[in-house]
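Q: Could you build all of it, start to finish, from the sequences and the hints given here?
Protein chains in written order, with this note's numbering: chain R, 1 to 379; chain U, 1001 to 1379; chain G, 2001 to 2379; chain D, 3001 to 3078; chain F, 4001 to 4078; chain E, 5001 to 5078.
Heads up, a few of these hints could be off.
[As the list claims (entries may be wrong)] In silico EDC-like pairs for lysine to aspartate or glutamate, Cα to Cα no more than 20 Å straight-line:
1) U:Lys1008 / F:Glu4010
2) G:Lys2008 / D:Glu3010
3) R:Lys341 / R:Glu203
[Stated by the list, open to error] In silico negatives: residues of chain U with every beta carbon more than 12 Å from chain G:
4) Trp1010
5) Tyr1035
6) Pro1067
7) Gly1133
8) Pro1187
9) Met1202
10) Ser1346
The hints are simulated quantities; they were obtained by calculation from the structure and are not laboratory data. This structure is a prediction, so every number in the text was calculated from the model and none was measured. Even glycine gets a Cβ: it sits at the ideal position worked out from N, Cα and C.
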Amino acid sequence: MQSDLLLKLWETTGLANFDGPGQIFMIAIGGLLIYLAIAKQFEPLLLIPIGFGAILSNIPVADMSGPEGILGYFYSVGVTTGVFPLLIFLGVGALTDFGALIANPKTLILGAAAQFGIFFTLLGALAMNAVPGVEFSLADAAAIGIIGGADGPTAIFLASRLSPDLLGAIAVAAYSYMALVPIIQPPIMRALTTAKERSVVMEELREVSTTERIFFPFTVLLLVVILLPTASPLVGMLMFGNLLRESGVVKRLSDTAQNELINIVTILLGLAVGSRLHADEFLNTETIGILLIGLVAFAVGTGTGVLMGKAMHRLSGGQVNPLIGAAGVSAVPMAARVVNKVGLESNPNNYLLMHAMGPNVAGVIGSAVAAGFLLSMLG
Amino acid sequence: MQSDLLLKLWETTGLANFDGPGQIFMIAIGGLLIYLAIAKQFEPLLLIPIGFGAILSNIPVADMSGPEGILGYFYSVGVTTGVFPLLIFLGVGALTDFGALIANPKTLILGAAAQFGIFFTLLGALAMNAVPGVEFSLADAAAIGIIGGADGPTAIFLASRLSPDLLGAIAVAAYSYMALVPIIQPPIMRALTTAKERSVVMEELREVSTTERIFFPFTVLLLVVILLPTASPLVGMLMFGNLLRESGVVKRLSDTAQNELINIVTILLGLAVGSRLHADEFLNTETIGILLIGLVAFAVGTGTGVLMGKAMHRLSGGQVNPLIGAAGVSAVPMAARVVNKVGLESNPNNYLLMHAMGPNVAGVIGSAVAAGFLLSMLG
Amino acid sequence: MQSDLLLKLWETTGLANFDGPGQIFMIAIGGLLIYLAIAKQFEPLLLIPIGFGAILSNIPVADMSGPEGILGYFYSVGVTTGVFPLLIFLGVGALTDFGALIANPKTLILGAAAQFGIFFTLLGALAMNAVPGVEFSLADAAAIGIIGGADGPTAIFLASRLSPDLLGAIAVAAYSYMALVPIIQPPIMRALTTAKERSVVMEELREVSTTERIFFPFTVLLLVVILLPTASPLVGMLMFGNLLRESGVVKRLSDTAQNELINIVTILLGLAVGSRLHADEFLNTETIGILLIGLVAFAVGTGTGVLMGKAMHRLSGGQVNPLIGAAGVSAVPMAARVVNKVGLESNPNNYLLMHAMGPNVAGVIGSAVAAGFLLSMLG
Amino acid sequence: MAEMLREGVELMLTGMTVVFSLLILLVFALKAMSNLALSIHGPVPSETRGPAPSVAGDGEEIVAAITAGVHAYRKGKR
Amino acid sequence: MAEMLREGVELMLTGMTVVFSLLILLVFALKAMSNLALSIHGPVPSETRGPAPSVAGDGEEIVAAITAGVHAYRKGKR
Amino acid sequence: MAEMLREGVELMLTGMTVVFSLLILLVFALKAMSNLALSIHGPVPSETRGPAPSVAGDGEEIVAAITAGVHAYRKGKR
Ligand code: NA
Ligand code: NA
Ligand code: NA
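A: Dropping the structure here:
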């Protein structure tokens, strides 16, 4: 009897229940994400919860990401329903100052151009079907493509709708490459522009009135409603958050949306996404493909953004610095800071930060629109 | 094939999917509520989320208020269950200082008198059944009557139980007329009182001890438990919030109930209520009836409150200023401020604010009691 | 007809619906818990919500703890799933400084010894089966034993899994006795130690580096994963919270976990636990047994902790003050403060607080490990 | 409809009776409560409360205080 | 697979068309919006807003203000 | 009942063994961890950390900082 008990005890240890090296490897992946988040400041707000969620969900016996586990509950309550990414978008809307975009709406075109990365990646994912062991449907490819949108909640929202099995890999790729923007973008930006183009000093942005700021969310939402209503959950929550911010009469709601609400949801969303980093779902050729092609997505988006910047540079008679096109990929505010830094290399007195914020936030709208389009075609 | 795609694309635009002018009209109603909230400061904390929820829920294709939409989730999780309005009541309890009521409990009678507005409105709603196209059941009429309680969460809670189909119209009427209190009440107050009555200066309220403040929630709850336990969810959560506030030993819980918790729930509740402002449910004769009769509700409640104030004025030998009866409708703290303002017109040194706070918070308890009664009879 | 209405009215009063003195008694118990929380500062953060929940759930007619009542919703969403106690553990992890334990890891052995209280209580509960009317299964006995862990969320988590019917009594016993630690522990500590032992001054703790603090949660989790993965939900969430705190790169998440998130969950968890204080489930011989034996649990845990302290005192050549063993029961930070106070009695310049924090937080880990063990054997 | 109106009138009468009864009883109950409170603690002004008990009863705040104290202590020693 | 690639190319073409159309229309819409805003309120700088309306529209803050005012009032009287 | 008590005693013995084993192993693991940490970074005091990395890694705070910076910038220009 005593030996029965010891046997039962042994059978409940982790040692006796690891089912192969996959779980250990995934725990190591979780640790790596956390290492990158802490030591390299790779999007720590998301990658620490995602990494820890990955560790927890690969612990044998406990089944924390199963239907009765806490991570499983977070996933089904917040990700399957789409509620968590949409609440993050509410908070992002409340945190974002769209003033630069209102002052210079033409930068929307840069935000549009950079979305080419999404569709190029979609094609690349389809092309990967030539590799044995990879079988991406159109919906899978679209979910992978959205990595090129460089916007975490949009990627999680679309993947949860089109390709839940790939959600873990897609989210990890999206946040990792967003963190790598300072490394990925500068060489491409330098390669596609001349030193002269990079040193263009742009005209100071005009001031934006309160009325414009209040009208802004309605204008954006109106166009989306008329042309692409499938984008309205994402765009609608973003614009609702922004209206809380700009209306000036609900400061307490705006503060909560920007702080406690987004923080709580970030913790829960990160853990839920991490729970998809399961050995059996994650460790396969497809994940490697997603990671490779995600890198391409950012590079292509940066490139098309900069090329459109060059076009605007010419059409405007040299008033536009083409570098700001790179900020069109979103990755707010990292990409705008990269633009600023690369601009300073060519002209130490040229602060492009504000000018890059326009295409930067335009990129968020652009990715949400692309996501809505993909949902309407494939959802 | 390409033309198929374009067709599919066209079919997913909003333009191709608006099913009549109803949705556009409801989007305009949402915009109007937001306009009133921002430009006229009409209860912006609720009307901005409700208005935006109305816009979002009338966007074609996206079906955000459907069973799989984010607003639909908020509605089923928080309104169908009654959880959101009860958590708001928790926060209101933590925010409310009942000291004026403890110091002068007789003002409870003013809070009782003003509830006549609820039952008068109930009768009015039944009488409207004479109008073709209007068909209100007793439960519908009771839910409409609660508009006269001038208390948002109570109205939403009761309507979600007795008449979910009318919830949108009832919530909009309740919050809109609460915002109109400064316009609706003063003429009635002036018409029913003499200048001499209005200039009565009331004796300063005594101080209230900590012990009384701690005993208060238990006393109120005790009577409700004995006499009308159906009112105990509303009154219980209100008193729980107040105990967190007054106990002095759980400051961190009280602070959270007063701030982040009520803010988060307000955002979600507002969106959920807005999701009931659907063209097909809202645009009908019944809504117009509800809006008309809601206005009457406030007027009648104000009137009976002031008349009871006059009775107390006489019985007390002129010590009570009858104006404070108008605060009995609740609409905290707007109605108390209106009393103060009208009082100052007759006597520029007569600050009635504190004296009006007693009937004002008594009105909250009175409406919750009336709601409990209606639930017990019709629920 | 009118008399029918009056009858219906009478039938909905609380007076007509109290089903015996049990409900009134339980309401009084709720009041007593609140009295102790306010007047005696007995763990007010939990006992005020639990006490108020007990009152609300024993109100006749309203059925607030039923499947459609608000307390019933909180229970099924947060306690049945285990989500609320685990989120509390997340917050506790973010609030706890494990520095004293890292500096002196040997104090873990004191945290282990004090867990004897858990298993002794388990045996005691089984022995109580000799009393007529008491029928505890092994799982019940284990859930009762965890009271000796002196850790509220651990007790609630384990009881919700092993013995949901006893959850109310177990949670009340756990929090009440944690509040009584300053009364229960000192006599035992004095009885088991000599004045000379109690006046031992311990060597100042070394400083702990940031790197160690960041490695700490992974080290603890690693051992749990390898040896006792059933403990990983509790230990995992505790260590996740601690990583948010110590990583230094997600301050906003750490702040929210320490404040708003833990506060909101505390309110909801307290109400949910209170909803188990039902007359029919609570008023029986078993509850009295649980309350009696819970007291023993704390005493035994304190005793074995101090005895292990004496053993370490001898093995270390007198460097360890055996009093710090009493802090091994957890009850953070109350037990550590008791150690400090008793130490000052023997040597007015001997501040043991920091030295007691090591075993104190070790006790939290020890109880979570014991809970994981019981889950693996009986879950 | 006449039937429903009659029921409505009944609801009004009983409802206002209930509301008035409960709130008038509450007037007396609150007066009794205030007298009870006075007899227990005397006319204690609100201000004597203060934040002290809050801190004492608040586990996490104590942890924070301890942590802060320890840091101060260590720094002093160095 | 060729079929899927063809569908992918179609998605790319229509998708980029949609994204560009919507965002270019938005450029014009935002310009129209700014003109409308200007014609309504004139070139009002952001700073004129301030926190005032926030307070006025915020029920709970008013309650807090009243409470605070009352305390101040009482203390002054004593 | 004797059977259950026997099972209870077994639970106690195995349980205390598990608790002690795990926590004693953790003593060694934590010592190894501290040595590892020392060998990687040297005896770094906690204070060197500071809030700097927090800000650097915190996307939203940066947005806020940018916004604030822009406002300051604009005001300076006017
Ligand atoms: Na983007
Ligand atoms: Na009212
Ligand atoms: Na313990």
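Q: Does each hint hold? Answer for all of them.
A: Each hint, compared with the structure:
no. : hint                  : in the structure
1   : U:Lys1008 / F:Glu4010 : holds, 12 Å
2   : G:Lys2008 / D:Glu3010 : holds, 12 Å
3   : R:Lys341 / R:Glu203   : holds, 18 Å
4   : Trp1010               : holds, 43 Å
5   : Tyr1035               : holds, 32 Å
6   : Pro1067               : holds, 19 Å
7   : Gly1133               : holds, 30 Å
8   : Pro1187               : holds, 36 Å
9   : Met1202               : holds, 33 Å
10  : Ser1346               : holds, 42 Å
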